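Quick mapping for you: the protein sequence lines, in order, are chains L and X. Letter 284 of the first sequence, counting from 1, is numbered 284 in our numbering, and no numbers are missing. Heads up, our numbering is the position in the second sequence plus 1000, with the first residue counted as 1.
Derived by calculation from the structure, the hints in this document are not laboratory data. Everything numeric in this text was worked out from a predicted model, so none of it was measured. Ideal Cβ positions, reconstructed from N, Cα and C, are used throughout, including at glycine. Hints may be right or wrong, so weigh each one.
[Claimed, not checked] Which bits of chain X does chain L cover? Going by a derived footprint, with three or more residues having C-beta under 8 Å, they are:
hint	segment
1	1016-1025
2	1050-1062
[Said to hold, decoys possible] Below, a list of computed lysine to aspartate or glutamate pairs in the DMTMM-like style, where the Cα atoms sit at most 25 Å apart:
hint	chain 1	residue 1	chain 2	residue 2
3	X	LYS1056	L	ASP351
4	X	LYS1002	L	GLU143
5	X	LYS1056	L	ASP349
6	X	LYS1076	L	GLU393
7	X	LYS1056	L	GLU393
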Amino acid sequence: MRTDSCAEDLLRDLAPQVLGRLVRRHGQFDACEDAVQEALLAAALQWAERGVPDDPRSWLMTVASRRLVDIWRSDSARQRREEYAAALELPDQGQPAGQDDTLRLLFLCCHPALSVPSQLALTLRAVGGLTTAEVARAFLVPEATMAQRISRAKQSVKATGLAFELPPETERADRLRVVLHVLYLVFNEGHTTSSGLAPQRADLTTEAIRLARLLHQLAPAEAEVTGLLALLLLTNARGAARTDADGFLVPLAEQRRNLWNAAEIDEGVALITRTLGTAPIGPYQLQAAIAAVHDEAPSAEETDWPQILALYDVLKRVAPGPVVTLNRAVALAMVDGPRAGLALLGTLDADGRLTNTHRLDAVRGHLLELAGDSVAARMCYLRAVRMTASIPEQRYLALRAANLG
Amino acid sequence: MKYMIMMFGSAATMMETQPREWILEMIEFMHQLDEDLRNAGELVSSDGLADGTQAKTVTFQDGITVVTDGPFAESKESVIGFWIVDVESQARAVEIASRVVAFTHGPIEVRQVMDAPPDL
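Based on the provided sequences and hints, a complete structural model is requested.
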């Protein structure tokens, strides 16, 4: 067990750098990743006992390299083994270690050829330096299941022959979008949880913010990266107020704002304020700007809804989609009245993409409640109760319905 | 001995027909039960299932697999949640089930989970 949290932070920061350097020198992502995981475990044990070595990065490199040789020794092909042994002797080709390698690793783990669950699991293990057990716990699955998922993901990296390179300039924007989406999904998994009892899993939200911060350091000029980091901070800031003492979800309008994390809000607001207008606007910057308007309102009543609606109008042009329409309907209802919002929701029935989720009925119930139609509102909440797979949301919706019963 | 304690019915229907106070008590009851089982070292796992109306049923008809919407059993008879407990005796598993039934009034089935050699 890692007891010293300072040493743990250091290990987690060094993990992608060491792995990146190994993969750059030897290829073979899967073997290198195993070797680094074992080096991390060895470090966790030894450093706790004997203290952190003077040059922890070299220590990890040495142990991981040795472990890699062991892995190759157990390989049956003698010739390959000798080639690898020779490769190990090669001096580091003078490239600056660390930073670019970490970025290469992120692009590799978030390669569009991998499935989304693979991208998430690989990113957390290879870039985040989490153990399989920790990743499994975060996703609420047995360790053996997660071990299989990671092993399959590594197999596809191998089978697809994915290169350990920064994507060419022409693909960079698309590839970066996938990386951002993976970090966003990791955060969301921790923040809302698609299933299960716990309304929030702090591990995943913290990890997503840590990785977004890392990416922001590696690519400070990318406005959407800054936008994502700001969005995660501004959303996470409300975490403590999202559930009450009994574990029930509390909607934004009823949250106790003194529980919001002021430091995270300040950081998020500062990030988004200095980024807006410096580069083409994108969906993460816009969502961060919307979150900032909410977070800066002293009370729910004082929320600047016209500004939020204006931001949603831009978001609708930049990244149209049913979820944007859904959220825009709420903003529209707050500016022009619930009936205007309900009319906009009506366009989503024909769209079909949200009709099998609880979200459309949950929002419709809310707007009908605002419009004073409690009978119809209750029916919407009850339909939503049947469709959600989240126990906290099911309970929240059932109580909303019961209040109107 | 491991037992699966299966609860039948529809959580959504329960929540539709019961008042707010009952829903709150039910949530508290389920929390307490899981905590008690965990403290006693008897809980292996427990989960609730999304509403039966969201289920898909796969059957074999005229030589092909057919997927239909909805649960296999009638909606009001489908499984809505389960506990897997590791207990001393069947009597203890039945005792746990009885505690739930006394509260929910819904039927529960207690089934032993079969032992198998580790390589199966």
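Now the hints, each set against the structure:
no., hint, result
1, 1016-1025, "holds (count 6)"
2, 1050-1062, "holds (count 4)"
3, X/LYS1056 <-> L/ASP351, "23 Å, holds"
4, X/LYS1002 <-> L/GLU143, "21 Å, holds"
5, X/LYS1056 <-> L/ASP349, "22 Å, holds"
6, X/LYS1076 <-> L/GLU393, "22 Å, holds"
7, X/LYS1056 <-> L/GLU393, "22 Å, holds"
Going through the hint list in order, the structure satisfies each hint without exception.
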